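A.B. asks: Residue-level listing of the chains:
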Amino acid sequence: MIELVWLIPLFPAIGFLFNGLIGRWFNLDKRIVSWVACFALGLSFLFSILIFFALLKLSPEARAVVPDRVLFDWIVSGGLKTVVGYKVDPLSIIMALVVSGVSFFIHIYSVGYMHDDPGYTRYFAFLNLFVFMMLTLVLANNFLLMFVGWEGVGLCSYLLIGFWFDRDAPANAGKKAFVVNRVGDFGFLLAMFLIFAHLGTLEFNGVFDGAHSLDIVTVTLITLLLFVGAAGKSAQIPLYVWLPDAMEGPTPVSSLIHAATMVTSGVYMIARCNILYTMAPVSMATVAIVGAATAIFAASMGLLQFDIKRVLAYSTISQLGYMFLAVGVGAFSAGIFHLMAHAFFKGLLFLGAGSVMHAMSGELDMRNMGGIWKKTPITFWTFLIATLAIAGIPGFAGFFSKDEILWQAFSSSHGHVYLWLVGAVAAGMTAFYMFRLVFVTFLGGCRATDEVKKHIHESPSIMTVPLIVLAVLSVIGGYVGIPHVLGGRNIFHEFLAPVLGGHPEGTAHAAFSLVKSAFASGGAAEGSGINMELLLMGVSVAIAIIGIGIAFYLYILKPEVPKRLGERLKILYTIVFNKYYVDEIYEACFVKSTKKLGTFFWREFDDGVIDRSVNLVGGLMLWLGRVLRRIQTGRVQGYALGIILGAVIIIIFLIR
Amino acid sequence: MFSGVTPIYFLFVSAVIFAIGAVGVLIRRNAIVIFMCIEMMLSAVNLTLITASHYLQSLDGVLMVFFVMTVAAAEAAVGLAIFVLLFRGRGTIKVDGINLLKW
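Going down the list, the sequences are from chains A and B. 1 is the number of the first residue of the first sequence in this note's numbering; add one for each residue after it. 1 is the number of the first residue of the second sequence in this note's numbering; add one for each residue after it.
Heads up, some of the hints might be wrong.
Distance condition first, Cα-Cα at most 20 Å in a straight line; then the derived SDA-like pairs of lysine to any residue [claimed, not checked]:
no. : chain 1 : residue 1 : chain 2 : residue 2
1   : A       : 579       : A       : 304
2   : B       : 102       : A       : 627
3   : A       : 563       : A       : 193
4   : B       : 94        : A       : 241
5   : A       : 374       : A       : 454
6   : A       : 454       : A       : 368
7   : B       : 94        : A       : 306
8   : B       : 102       : A       : 563
9   : B       : 102       : A       : 622
10  : B       : 102       : A       : 633
11  : B       : 94        : A       : 563
12  : B       : 94        : A       : 633
13  : B       : 102       : A       : 638
14  : B       : 102       : A       : 639
15  : A       : 375       : A       : 304
Keep in mind the hints are simulated off the structure, nothing from the lab. It should be emphasised that the depicted structure is a prediction, and the values quoted were computed from it without experimental measurement.
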C-alpha cells in the first residue's frame, strides 16, 4: 500500500491537466469540471487515509524508516544525482492528510462559491495544480523536489491571488506575493547549495544521516538560510507583508493557500530539518524569537482592521508565528500539531468569511455588517466554533495545540519565560480581535444598506457542509494531542516522535528552575513541572477569557467606547490602524531604491550602452553600404571588366 | 604536313582570338555583337584545348571541346531568346541602356 504513495499527488495533476487543457479547450460544462476536480482530490484524500492506516500497522520504529518510493532519476550530472521520489513517514503523511483533506472540502466549497464566475474552469485547474504542488512539497524525499513543490505553490499562489487579473489590486497583490517570496527562495537556494557543497547529496536520508559531520558554523548558516526561505513562504517578520494583500484573491483560495496549507510549508520544512536545527542553537533561538515577535506584532495589527479577511490574514500571520515559536524551542511536534489544528479552524474561518461575503453581496467591511447571525445560522455557529478554537478555549482544537506551544516555550531547554509571556499576550490579543470580529459581524444591529439587507441569506448546502465538517474537525482535532497533565495520552506526539524526536527535556533554563525551586520550597517538590503546566494553562485560558471579555465590553455593551478610546489615543490608534506603516517604510527603503536602481540601469545601461552599441553597429553598416553600393552600376560591361581584371590578377599570381 | 608548325603558333592564334573577343565584350554595345564575341572567346579556348590534346597525344582535351560546343549551342538558343524578349520589352538591345539592376 505504502508504495502507492505516488498516486496521492498524481490525481490532482491529472485533474489539472484535464481541466486546464481539455476543460478550457472544449469549454466543458461546469458540472464536469467540478466533478473532475473534486473527484481527483477525493481520491487523493482516500489514498492518504489508506496509506496512513498502512503506516499505523507498522511498529513505531519502522514507521520512520519506510524506504523512499523512488519513481525515476531526475537530474544525474557529475556528483549530483537527484531522483523523483516520495517519502512516507509520520510527518509527511500527517501533512498529506491535512493538505488533501482540507483541500478536498475547500474544493467542494468552491463549487458553490465560484459558481457564477466566468473563470470557473481556470480556477479549478489552478486549484488542482496547487494541491499537486503542495503534495509534492510535503512528500518529496529530497530538497530539490521539495523546492519544485515550494516554487510550484508559489506560482499557484501568484496565479490565484491575481485570479481576477483584470482589476489592478489583485494583479499587484499577486506580484507583491511573488516578489517577496523570491527573497525567501533565495535563502532556500543558498541553503541547498551549502548542503550539497558539504554533504554531496540533497536526499533527506543522506543529509540527515551525514549531518553530524558538519561543523557548527555551517549548520547554523544552512539553518538560518533555510529559515529565510521559511520566513518568506510562511509570512514571518520581515517578509510577512505579502500575506495581507493576498486577500485580494477568491476567499476559498485565501482559505486553502493563505491559511491552511501553503503558508505552513515553512513550518513543515523546519520540522523536516529538525536534525539540522537541533544542532544549531543560534538558529533555533532566531526562529523562536522571530516567531514570537511575529505572533504579537501581527496580532496587534489585527486589532483594529475592519476588513474581515484582513483581520483573518493578520491572525494567520500571528498563528504562524506560534508555530515558528514552537519549532524554535524544539517542540517540533507541537508546531505540527498547531499547524494541523490551525488548518482546520483557520480554513473554516476563511470559508465562513466567504459565506458572510456571499450573504452580504460581496461586502468585506465589518462596519457595514452586524446582526446577521439569525439569517445565516450555520455560518454563524461554525464561525463561532472556529473562533473559540483559535482563542484557545478549553475543549477546542486550538486550546490543546496552543497550550502545548506555550508550555514548551516556557519549559523547554531552548525556551525562555519571555517567549512564553509574548505568546500569552498574543493569545489574549487573538481572543480579543477574533471576538471583536464575531461581535461586530454577526451580532448587534444591522448596518448594511437596505438593498443589501434584503438579500442576506444562508449559503447553499454545498458551501455549508464543508463548514460543518471543518467545524467538527476544529472541535475534535485537538483530542489526538491531550497533554499528559490533563490525564490524556499525547497520541499525536507519540506518532510523530520517530521522526521529530521527543521534546527536549534536558536541563531547564534558569527562570524555570527558579520557579520550580520556589514551588519546591513551598512543599510541592514532587510533580512541580506538572503543577506548573496546569498553572500556565490556567493563566493562558484566563488571558483568553479576559480578551473575550474586553471585546464583549467594547463591542456589545458599550459600542460607543471604542470610538472615544480611539480619539483619546489618537497617535497610537493611527499607527496601529495603519499597520505601523511597515508597507510605507518598505516602500521608501526597498521598493523605491530598487525601482531607482532599475530605472538607472534601464536609462543608463540598457539605453545608453547596450542599445547605443547596437545602433552604432547598425549605423556603421548603413554608412558602409551607402558608400560601397556605388560600384553596383548596373552596366554589364563594367562587371565584365571586373571579371576579366580579376582573372588576370589571379593568373599573374599563379604564374609567378 | 605541318612539320614546321609548332603548337606555339596555334596557342598564339588562340590567344589573339581570345583577346579580340574579350575586348569586344568590353567595348561593344550591341548585345548580339557581345554575344558573338563571347562565342569567339569560347572558340579560342577550344583551339587551345585541341592544340594541347594533339601535343599531348591525349583525348581529354577533345572531349572537353565537345562539352564547350554543346554548352555554346545551348547558350546561343537561350541567349537569343532573351534578346528577343528584351527588344520586345524595351525597344533596344544596347547594353548601356539596360542597367536597371543597380542601387
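A.B. asks: Looking at the structure, which of the earlier hints fail to hold?
C.D. replies: 3, 4, 7, 8, 11, 15
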